[in-house]
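> Okay, here's what each chain looks like letter by letter:
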Amino acid sequence: MGTVDTVVLQAERRQAGGSGEARRVRVAGKVPVVVYGEGRHETLEVNAHDFTLMLHRHGEHQVLDLVIEDEPVCKVLVQEVQHDVVNGAILHADLVAISMDKPIEMRLPLKIVGDAAGIKAGGVLELVIDGVEIECLPGDVVEDIPVDVSALEIGDNLTAGEVALPEGLTLLGDPEEVLITIAHPTVEKEEPEESEGADAEAEESADEEEK
Amino acid sequence: MPLMPKRTKHRKVMKGSRAGFAKAGATVEFGEYGLKCLDRGWLKATQIEACRVAINRHMKRRGKLWIRVFPDKPITSKPIEVRMGKGKGNPEYWVAVVKPGRVLFELAGVSEAVARSALRLADAKLGMRTRLVKRGEN
Chain A
1 MGTVDTVVLQ AERRQAGGSG EARRVRVAGK VPVVVYGEGR HETLEVNAHD
51 FTLMLHRHGE HQVLDLVIED EPVCKVLVQE VQHDVVNGAI LHADLVAISM
101 DKPIEMRLPL KIVGDAAGIK AGGVLELVID GVEIECLPGD VVEDIPVDVS
151 ALEIGDNLTA GEVALPEGLT LLGDPEEVLI TIAHPTVEKE EPEESEGADA
201 EAEESADEEE K
Chain B
1001 MPLMPKRTKH RKVMKGSRAG FAKAGATVEF GEYGLKCLDR GWLKATQIEA
1051 CRVAINRHMK RRGKLWIRVF PDKPITSKPI EVRMGKGKGN PEYWVAVVKP
1101 GRVLFELAGV SEAVARSALR LADAKLGMRT RLVKRGEN
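Going down the list, the sequences are from chains A and B.
Just so you know, this note's numbering puts 19 at position 19 of the first sequence, and the rest follows in order with no gaps.
Position in the second sequence (first residue = 1) + 1000 = this note's numbering.
Treat the hints loosely; a few may be bogus.
Stated by the list, open to error - Straight-line alpha carbon distances no greater than 20 Å define the calculated EDC-like cross-link-like pairs of lysine to aspartate or glutamate that follow:
1) B:Lys1078 - B:Glu1092
2) B:Lys1060 - B:Glu1049
3) B:Lys1006 - B:Asp1072
4) A:Lys111 - A:Asp84
5) B:Lys1015 - B:Glu1112
6) A:Lys102 - A:Glu133
7) B:Lys1134 - A:Glu60
8) A:Lys111 - A:Glu177
9) B:Lys1023 - A:Asp84
10) A:Lys111 - A:Glu176
11) A:Lys102 - A:Asp65
12) A:Lys120 - A:Glu153
13) B:Lys1134 - A:Glu177
14) A:Lys120 - B:Glu1112
15) A:Lys75 - A:Glu38
16) B:Lys1134 - A:Asp144
17) A:Lys102 - A:Glu177
18) A:Lys111 - B:Glu1029
19) B:Lys1023 - A:Glu105
20) B:Lys1134 - A:Asp130
21) A:Lys111 - B:Glu1112
22) B:Lys1134 - B:Asp1123
23) A:Lys102 - A:Glu135
24) A:Lys75 - A:Glu12
25) B:Lys1099 - B:Glu1029
26) A:Lys111 - A:Glu153
27) A:Lys102 - A:Asp140
28) B:Lys1073 - B:Glu1049
29) A:Lys75 - A:Asp101
30) B:Lys1134 - B:Glu1112
31) B:Lys1099 - B:Asp1123
32) B:Lys1060 - A:Glu126
33) A:Lys111 - B:Glu1137
34) B:Lys1134 - A:Glu126
35) A:Lys75 - A:Asp140
36) B:Lys1099 - A:Asp84
37) B:Lys1134 - A:Glu143
The set of hints was computed from the structure by calculation and includes no laboratory data.
The structure presented is a predicted model; accordingly, all values stated were derived computationally and were not measured.
Could you build the full structure based on these sequences and the hints that come with them?
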């Protein structure tokens, strides 16, 4: 957890739009990006390697200082990242321009802390919903929300209302929504293993019947 | 008992298309680890069942398994030594149409090492290229 620092993201303007141009941008080792919000709407391109590293290091909930060529800095958040379904490469990203004094709505992931008592008893921790919708000022955004599950037994649920949110964050949505449950493990019925001898006998009897 | 639909609208269907990439079911949604398919093809109900048995036996009753594909397509074949024509053959088995990027199985409640080895056993039953994916990765 911890409030995230800002990171600089260098971008260049894209001259043409469309899928063909986007493909050429990707071949050149860049990622097509669009930025919108706060009266802004521009198509950009960023270095694919830098952008991937940035997402890997800081996650998708990072307030970024976007520098477009020689323009002044604009604060943005990553709204959506599209990945290739086969190799996971980044295909496109949506950035939303923000104002630091206006509250924003976003979905923050949960970070599970502690070992649940139910897991020690053989249960399985099931993440029903892996994030919560919150409202906060951009300066209060955290990387993730820690959730202590150590008191959960098998069959217990943890709802959104029970999560202790960091200061400055307000929960949106239903507080009764179940986020985490400790489920029973998959119970496999023991299948009686047929011996080879029994199989051979069955085949022989089948052959006799055919004759 | 292999997976198959309880009832269907039509007994026999055409071959259909396997073109394109997985649109739905391409990310790990339920568990912590998943087996992502990189090839396209038909996955028989018996293959899915073999994978399920291999994974569950390796996990030794720990953890939880999700099967993300269902064989809902009937495949027909003609009996042996029968001349062509005289109508379509009889439904013989069921398959799931799989496109590249589809997550086939998901696991939770086991360590990465156990998940990796369990899914490798499942991979051996498939005859398709696969890779292990973690929740949050693509």
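> Let me make sure I understand: some of the numbered hints might not hold for this structure. Which ones are they, in numerical order?
4, 5, 13, 17, 19
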